[in-house]
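What follows is each chain in one-letter form.
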Amino acid sequence: EPEVTQTPSHQVTQMGQEVILRCVPISNHLYFYWYRQILGQKVEFLVSFYNNEISEKSEIFDDQFSVERPDGSNFTLKIRSTKLEDSAMYFCASTETGGGAADTQYFGPGTRLTVL
Amino acid sequence: GDSVTQMEGPVTLSEEAFLTINCTYTATGYPSLFWYVQYPGEGLQLLLKATKADDKGSNKGFEATYRKETTSFHLEKGSVQVSDSAVYFCALSEKETSGSRLTFGEGTQLTVNP
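Protein chains in written order, with our numbering: chain W, 57 to 172; chain D, 6 to 119.
By construction, these hints were calculated from the structure, which means they are not laboratory data.
C-beta atoms are modelled at their ideal positions from N, C-alpha and C, and glycine is treated no differently.
Hints may contain errors.
[What the hints assert, rightly or not] Cross-link-like lysine-lysine pairs, in silico, DSSO-like; alpha carbons within 27 angstroms at most:
no., chain 1, residue 1, chain 2, residue 2
1, W, K134, W, K113
2, D, K61, W, K113
3, W, K98, D, K61
[To be verified] To spell it out: a stretch of chain W is covered by chain D in this simulated footprint if at least three of its residues, at any positions, have a beta carbon under 8 angstroms from a beta carbon of chain D; those stretches are:
no., segment
4, 98-110
5, 161-168
Kindly produce the complete structure, drawing on both the sequences and the hints.
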């Protein structure tokens, strides 16, 4: 069964460094998402992406974050200058069709980011 | 804004016990409702969903009914197994247009003992 994959599974970085988290969505999917979960807190929406542009973003997704689909398979989340509070599990997701309310989002296993 | 509230965990049950995990929501429109499950070391997997009032979602013996009058979507299973041990997340999605975000509850850790 096709699945969303994410690399790395765990990333450790120093505060102020840039990190890029990588995702490979399911191949025929059209909409892509990033979520994060700070330890002990809810899973929070960051951004959705379609047709090479951001469809929607949350208040968390400020100027230090960016997303890109550099080729036909990868979808990346870049954090330009990491802060301690960026430490979290980051999940990528994708949907096959229009990305509407009833569509199922398929999630990857997550990347645990630790900022020291 | 939209929000989802789940019963506080963790929940510990014996095998074959009855499971209920409560979920209530606040939304301005008519959301779709979901239960996701996260097994240890894995990502979030869709367990079941319901897209309109009175719909019942079901999968792997789990059920949840979309109750608009009580704004609830409680998860139930008649007889849990050790393999059901996981974290369960209730979620909603409201926007009908593209890129609809999921709003999640806090998650409920379920442990089933043999």
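Each hint tested on the structure:
1. For the hint linking K134 of chain W to K113 of chain W, the alpha-carbon distance of about 14 angstroms falls within 27 angstroms, and the restraint holds.
2. Of the supplied pair hints, the one linking K61 of chain D and K113 of chain W is violated, its CA atoms being roughly 31 angstroms apart against a limit of 27 angstroms.
3. With a C-alpha separation of about 25 angstroms, the suggested pair K98 of chain W and K61 of chain D falls inside the 27 angstroms cut-off, and the hint holds.
4. Counting residues of the segment 98-110 of chain W whose beta carbon lies closer than 8 angstroms to any beta carbon of chain D gives 7, which reaches the threshold of three, so the coverage claim holds.
5. Judged by the Cβ-Cβ criterion of 8 angstroms, the segment 161-168 of chain W is covered by chain D as claimed, because 6 of its residues qualify and three suffice.
Hint violations for this structure: number 2 only, all remaining hints satisfied.
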